[in-house]
Amino acid sequence: DMHRAVARIYQALLSGEKIAIYGDFDADGITATALLVQGLSALGGKAIPYIPHRLTEGYGLRKAALENLHQQGNPYHWRPEVVKFPVPIPALWPELRW
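Under the numbering used here, the first residue of the sequence shown is numbered 25, with each subsequent residue one higher.
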């Protein structure tokens, strides 16, 4: 729910909370993470990037990594994801029920 996500990020910015950006190690994941960190920092946010190690941590969210971020004082986590579709997204709307 986009409205709730925006409200939560706004709340974190206003209250000075750290926001952990849990990225991905591929090209679009690193780019998305960098853009989010720069954008949130420009708004006065405390954005902390985290890119998991491909060989030791694997792909996707990992409970151990989230627990480690939380212990470091990062209560709010945001996972950027750039999704690629072989066809334009509007063509998929009926199938996906968006």
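Honestly, the hints are just simulated from the structure, not real lab data. Any given hint could turn out to be false.
Computed spacing ranges between beta-carbons, pair by pair [unchecked claim]:
#, residue 1, residue 2, range
1, 30, 79, 31 to 41 Å
2, 38, 79, 16 to 26 Å
3, 94, 62, 17 to 27 Å
4, 27, 80, 18 to 28 Å
5, 81, 38, 13 to 23 Å
6, 28, 85, 27 to 37 Å
7, 35, 80, 13 to 23 Å
8, 59, 34, 29 to 39 Å
9, 52, 90, 14 to 24 Å
With a straight-line cut-off of 20 Å between C-alpha atoms, the simulated SDA-like cross-links for lysine to any residue are [stated by the list, open to error]:
#, residue 1, residue 2
10, 70, 82
11, 42, 79
12, 70, 54
13, 42, 75
14, 87, 26
15, 70, 83
16, 42, 80
17, 70, 50
18, 70, 51
19, 87, 68
20, 70, 38
21, 70, 91
22, 42, 29
23, 70, 97
24, 42, 76
25, 70, 29
26, 42, 78
27, 87, 69
28, 87, 59
29, 42, 58
30, 42, 83
31, 70, 90
32, 70, 84
33, 70, 31
34, 87, 63
35, 70, 80
36, 42, 56
37, 87, 31
38, 42, 97
39, 42, 82
40, 42, 91
Everything numeric in this text was worked out from a predicted model, so none of it was measured. Beta carbons: idealized from backbone N, C-alpha and C, even for Gly.
Unsatisfied constraints (hint numbers, rising): 2, 4, 5, 6, 7, 8, 10, 11, 14, 15, 16, 17, 18, 19, 26, 27, 28, 30, 32, 34, 35, 37, 39
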